[in-house]
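With chain A held as given, fit chain B onto it using these hints.
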Amino acid sequence: MELEEAPKQHYSEEEKQNIFNNEFMPHIHSMYNFGYRLTLDQDDSKDLVQDTYLKAYRFIESFQKGTNAKAWLFRILKNSFINDYRKKSKEPSKVDYQEVETYYNSEEVDRQITPDLRVEALKDMIGDEISNALNALDVDFRTVIILCDLEGFKYDEMAKILDIPIGTVRSRLHRARNLLKEKLSEYAKQMGYKTT
Amino acid sequence: MLQLILDGEATHEQKEQFLKHHLDECLPCYKNYHLELKIKELLKTKCCGGQAPSDLVEQIKSKIGAE
Chain A
1 MELEEAPKQH
11 YSEEEKQNIF
21 NNEFMPHIHS
31 MYNFGYRLTL
41 DQDDSKDLVQ
51 DTYLKAYRFI
61 ESFQKGTNAK
71 AWLFRILKNS
81 FINDYRKKSK
91 EPSKVDYQEV
101 ETYYNSEEVD
111 RQITPDLRVE
121 ALKDMIGDEI
131 SNALNALDVD
141 FRTVIILCDL
151 EGFKYDEMAK
161 ILDIPIGTVR
171 SRLHRARNLL
181 KEKLSEYAKQ
191 MGYKTT
Chain B
1 MLQLILDGEA
11 THEQKEQFLK
21 HHLDECLPCY
31 KNYHLELKIK
41 ELLKTKCCGG
51 QAPSDLVEQI
61 KSKIGAE
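Sequence order for the protein chains is A and B.
FYI, the working numbering numbers position 4 of the first sequence as 4, with every residue one higher than the one before it.
FYI, the working numbering numbers position 12 of the second sequence as 12, with every residue one higher than the one before it.
Nothing false has been slipped in among the hints.
Only pairs whose alpha carbons sit at most 20 Å apart, straight line, appear in this in silico SDA-like list of lysine to any residue: (1) B/Lys46 - A/Asn178; (2) A/Lys154 - B/Gly8; (3) B/Lys38 - A/Met191; (4) B/Lys46 - A/Asn135; (5) B/Lys46 - A/Asn132; (6) B/Lys31 - A/Arg118.
If you want the footprint, here are the derived chain A segments under chain B, 3+ residues with CB under 8 Å: (7) 20-32; (8) 51-60; (9) 128-142; (10) 168-177.
Note that these hints are calculated values from the structure, not bench results.
Ideal Cβ positions, reconstructed from N, Cα and C, are used throughout, including at glycine.
The following block holds chain A by itself, in its conformation from the complex (with noise of 0.2 Å):
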C-alpha cells in the first residue's frame, strides 16, 4: 500500500498503542463523517471507517510520530474507498475527469455557467439544502468540498491527499463551487427567490 513516502519506522507496542489512541483515534468523527459522505450511507461508512483504522494499525510503522496523522488517515480512508468501495458499487464507469475539468475551466463557460445567487437566498437554508446539495455533486467534486470547507486542509494537504498536483486541486475546487451554487440556486428558485 502507498503512504506517506517516510522512512520506515519502529515502534515498540506501546508506542504503537500510543499513537493509535492518541494520535489516530481522535480523528475518529472527522473520519466517520468524510466516509459518510463519501458512501452516503452509514453502515458503509461504518465498514470503511474500521477497514481504514485496521490499515492505519497494520501499517503505521509508515506513519513519522508527530506528523499530519489526520492527513495519513484521510489518504488511507479515500485510498480505500476508491480500491473496495468502488469496486463493489454500481456507479457508472468514471469519467474522464481531467478532460472535463479543462473544458469546464475555459473563462468562457465559467461566465455563463455561475448562477447569480444571493447571500439572502442563503440565510434561509436553515434546513438539509446545503447538505444535500453537497450530497448531490459527483464525488471527485464533492471531495474536493469536504477536504477543504468542512475539514480545513490545505490545498498542499489536499494534494496528497488525493495524490494530484496542486493545480488540478484548484481547478476541481472551482469547479466544485460552481456547481455547488448552481444546485442551491435551484433550491433558491424553489425558495421563491429570483436569481437573476
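Then chain B, alone, in the frame of chain A:
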C-alpha cells in the same frame, strides 16, 4: 485570487490588495466574495459535527486488541 483568499492560501500582500482595494471597486467580486464566504460558513456549520457511532469506536478498539 478570490479562492486563494477564501481558503487562507493567499499571501499577506495579496490579501491586503484584494480586500482593501479590489473589493471597493469591483462589484462582481464583492458580491461573489460574500456569497462564497457564506457558503463556506454554511458548509462548516451544517455538514460537520456528526459523531461517529460509539459501537464503531468499540469495534475498532477490540479488533486492534486482537491483532
